[in-house]
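Q: Each chain, letter by letter, is given below.
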Amino acid sequence: MARPLRDRFQDHPQFGFIDWVLRGIAQVVFQNNPISGVVILAAIFYNSWIYGIACLFGTTISTITALLFKADKSLIKNGLFGFNGALIAVALVAYTSPNFTTGNMPNLHLWLYIVLCAAFATVITPALGALLGPHKVPGLTMPFVLATWFFLGALLQFSTIDVSNALKPTSPSDFTGPRPEYNWITWFQGITMGIAEIFFQDNWVTGVIILIGIAINTRIGALMALMGSTLAVAGAVFYGAHDEAIRDGLFGYNAALTAMALGGLFLVLNVEGFIYTVIGILVTARVWASLGVFLEPSGMPVLTAAFVSVTWLMLLAKGAFPGLIAVAPSDAMTPEDNLRRYRSKLKR
Amino acid sequence: MARPLRDRFQDHPQFGFIDWVLRGIAQVVFQNNPISGVVILAAIFYNSWIYGIACLFGTTISTITALLFKADKSLIKNGLFGFNGALIAVALVAYTSPNFTTGNMPNLHLWLYIVLCAAFATVITPALGALLGPHKVPGLTMPFVLATWFFLGALLQFSTIDVSNALKPTSPSDFTGPRPEYNWITWFQGITMGIAEIFFQDNWVTGVIILIGIAINTRIGALMALMGSTLAVAGAVFYGAHDEAIRDGLFGYNAALTAMALGGLFLVLNVEGFIYTVIGILVTARVWASLGVFLEPSGMPVLTAAFVSVTWLMLLAKGAFPGLIAVAPSDAMTPEDNLRRYRSKLKR
Amino acid sequence: MARPLRDRFQDHPQFGFIDWVLRGIAQVVFQNNPISGVVILAAIFYNSWIYGIACLFGTTISTITALLFKADKSLIKNGLFGFNGALIAVALVAYTSPNFTTGNMPNLHLWLYIVLCAAFATVITPALGALLGPHKVPGLTMPFVLATWFFLGALLQFSTIDVSNALKPTSPSDFTGPRPEYNWITWFQGITMGIAEIFFQDNWVTGVIILIGIAINTRIGALMALMGSTLAVAGAVFYGAHDEAIRDGLFGYNAALTAMALGGLFLVLNVEGFIYTVIGILVTARVWASLGVFLEPSGMPVLTAAFVSVTWLMLLAKGAFPGLIAVAPSDAMTPEDNLRRYRSKLKR
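Residue numbers (my numbering), protein chains in the order written: chain A, 3 to 350; chain B, 3 to 350; chain C, 3 to 350.
For the record, the hints were derived by calculation from the structure and aren't laboratory data.
Among these hints, one or two may not hold up.
Stated by the list, open to error - Taking lysine-lysine and the DSBU-like style, the derived pairs with C-alpha atoms no more than 35 Å apart in a straight line are: (1) C/K75 with A/K72; (2) A/K72 with A/K138; (3) B/K79 with B/K349; (4) B/K79 with A/K138; (5) A/K347 with B/K349; (6) C/K347 with C/K138; (7) A/K138 with C/K138; (8) B/K138 with C/K347; (9) A/K138 with B/K138; (10) C/K349 with A/K75; (11) C/K138 with A/K75; (12) B/K75 with B/K138; (13) B/K347 with C/K72; (14) A/K72 with C/K72; (15) B/K79 with B/K170; (16) C/K75 with C/K347.
Unchecked claim - A short, non-exhaustive set of chain B residues, derived as facing chain A with CB atoms under 10 Å: (17) I66; (18) T67; (19) A68; (20) T127; (21) S161; (22) S173; (23) S175; (24) D176; (25) N185; (26) I187; (27) G242; (28) L271; (29) L297.
Every residue, glycine too, gets a C-beta built ideally from N, C-alpha and C.
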């Protein structure tokens, strides 16, 4: 029986590596599927070929590093060493480009800088595994967050690479103006850019294509991402956040990731799991806003630290709530798959 | 044989919930006793009915969340899911009120904000349990600290809830003036407000009543709280801290909590344990001052992070010092009870 | 058979304590050898007798505290309770002295402050052991970093001890000037001061003598320290860092420590281990620069936090890379010793 297209190249002697890199790109949004990877990569290229190249480059470096150090081959083949590199490369380009939206071509110094940072992310990925593995909690994008913080701050000290205004340190100030006038653009852009911003893309079309890339592999996952971004925008509108921050997708991108992680992937999507996910989404949007205040004096960005903190805490707690059914990271493929296995277990 | 008053309502079908909430309030200062809870609640109401209501509200939300998610019933009944909510509600009201001393009545946005924050604290309480449980170290008030930091910073980004001047970010500056002239008010207010400040109350009478509430359940615990706050003031006076900061009880409230935790509760109160506690108290007062400097640029408050850090580190280290006799969190009720059990063990 | 000089006094009834203190000083750079300790202490005295006395004092307090609390005698005898105290005392003197290079004599308030801080470091050293021990990862100088941060920030709040300008909080700013003109002084001072700066000494001769002190015990270790400092300078020159920061050894001191830890001590020095070490060195130099940016708004120094973070992460990850051969902290004496044991194991 022929294997489905998505798995035909994973063990291919020549094209295998490309398959793993594409899976790496898709794993940023938890999809172990090279077709999702192709679609997401296309979405990034649609916005900016520079970011597209950076994304490919970072994923490749992280994957090659894992191969050189002979890490677990099945993890490599599933893209689990690549996704942190994908985000690192795009982030380092974004925060050093005068034009954040499309990015500027890196110079040699920056390319080499990305190589070291992406290699380091691969090296420390198993460190989090050692700490969190016994709790059956995945490392998520923490290697990306740590490595990028480690390398982004240092850039301020070097004259060969400039940093963008987005890293300008300021003192946090209270937003006390009148409640902004929101309209449908706030909602539409906020929700779609919330998806695109996961990959630092300021482009709602890119957000929509990424959502399609996710939906190819899992309908529930795509719905969850949409719900995460939507609830985050709803919370921001209800509490009266800056219209521009909402429209840029800043409230949504962490929340969308939390929604996908808790909503069916690392927890089976039953009623309790759904309520738990909604709490996680709402909290994540606030944690993003709060970490921004903590980091503002140093100018560093939040990245996906809000998603990681909330998801880690909520997954670590899972054992205390009997209504939640945990899925071990190594078994978590798609929400649909988890539901199927859970139901077949119930029947027996 | 009739159960003592303090335990008569814990399993009561109608009034049980009230008992658990009152224990939750008392558990902020480690007392598993609803009468202590009533006295402490009265102490807060004496200063401000708004804070009293907030305290009850937060404890109730956290406890209800634990019930809804079917957490361990015995933990709920002992108030161990409530105490973080108690502090969260009072903290969120305090830092959003123009008048910190008595607090201002929250608007609907803030009430809902407190609900989400208190629910989240309940959800993450077992997360710390998963990490620290194997080391027999309790989570203490870290869920309160984390959840409040997560929600307090975010408030700066929302126009519907104002924050008080207490959250104003500033650059830390060195205090080089002449040594302040301290007098008996420094000492008296510093020590009593150090107890009251645990619950964010700027009122020395409240501090005294809280101390009585503790003493109802454990004389040693109350003495330790008093010693913690006193030594913290002594250290601050010796090193020449701002008179106002001392009188506001800011040096004492973390130290008082460390004193109660290490002084007899999670370690049996023998000679080594006592010396260990004194070190912990003195260090905690400095850590409070230091974390204040670290957080000043972002404007965020220290909360009880000093107490938690020092107590965690010192409890994690306990196994290395044979003179210390550790008490597992689940067995730790009162210092007196720990001493009794330890002595009866020695006799056998 | 006579024991070699280096081990003759470890169990001596009268002079044993001196031996342990000297080992404590040497353990800052991982050398369990009192002769190395004597040479390093001489290197510090060569630069400043005040720092020499402070170093002796801090190591003594930490070691005595461990004895009083009856900690593991073999750990005490190997200097493993002393080295954090050595760094604490020198750091607290350095950051409170108008003259950073030679230090100023502490007043009574500061001496007592050092006592408490060094005692606390001893108390929390096993806390990290409890957390990291199961992963066979050593605590390194984290007790020093934590205790110094806890005590240094607090100093800003006290009028009896002044702090130096080195702790002045500023807003991080981007270094965009032209690439500095480096010359041989940049390289020579940068590399030697990188070793000296481990002990906060602004003196290249001190750096060379410390290197000799290390070489007495292990040639490979000394080479690694040299390589670490050299590669850090190379990276800083390549990326165009401030000439002054390089010459002050600021890029090198964390990298030199990472080089010694990963290069042969906690990992056997094979080809993979060597590449891993090079990555660790390059990353550490960047992490130092980045943590500096994160801490700048509060004015706090990085200390050895860069070395500890990177080394912890890379040692935690070791199990995932089959080419790396880990050495348990309790077995790690010198790179030469590790190599010998590893080779004899291969032969059998």
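Q: A/K72 and C/K72 were given as a pair; does the straight-line alpha-carbon distance stay at or below 35 Å?
A: violated, 44 Å
Q: Tell me if B/G242 is really an interface residue toward chain A, meaning its C-beta lies closer than 10 Å to one of theirs.
A: Hint violated; B/G242 Cβ to chain A Cβ min 27 Å, cut 10 Å.
Q: Are C/K75 and C/K347 close enough, with their CA atoms no more than 35 Å apart?
A: Within the cut-off at roughly 30 Å; holds.
Q: Within a Cα-Cα threshold of 35 Å, do B/K79 and B/K170 meet the stated pairing?
A: Violated, at roughly 39 Å.
Q: Between the alpha carbons of C/K138 and A/K75, is the straight-line distance 35 Å or under?
A: holds, 25 Å
Q: For a C-alpha distance cap of 35 Å, please report whether B/K75 and B/K138 respect it.
A: holds, 20 Å
Q: Any CB of chain A closer than 10 Å to the CB of B/T67?
A: It holds, given that the least Cβ distance between B/T67 and chain A is near 9 Å, below 10 Å.
Q: CA of C/K347 to CA of C/K138, is that 35 Å or under?
A: holds, 20 Å
Q: Would the hint on B/I66 be counted as holding, given a Cβ-Cβ threshold of 10 Å to chain A?
A: violated, 13 Å
Q: Holds or violated: A/K138 and B/K138, Cα atoms, limit 35 Å.
A: holds, 20 Å
Q: Against chain A, is B/S173 within 10 Å by beta-carbon distance?
A: holds, 8 Å
Q: Between the alpha carbons of A/K72 and A/K138, is the straight-line distance 35 Å or under?
A: holds, 23 Å
In this structure, the hints that do not hold are numbers 1, 5, 8, 14, 15, 17, 23, 24, 25, 26, 27 and 28, in rising order.
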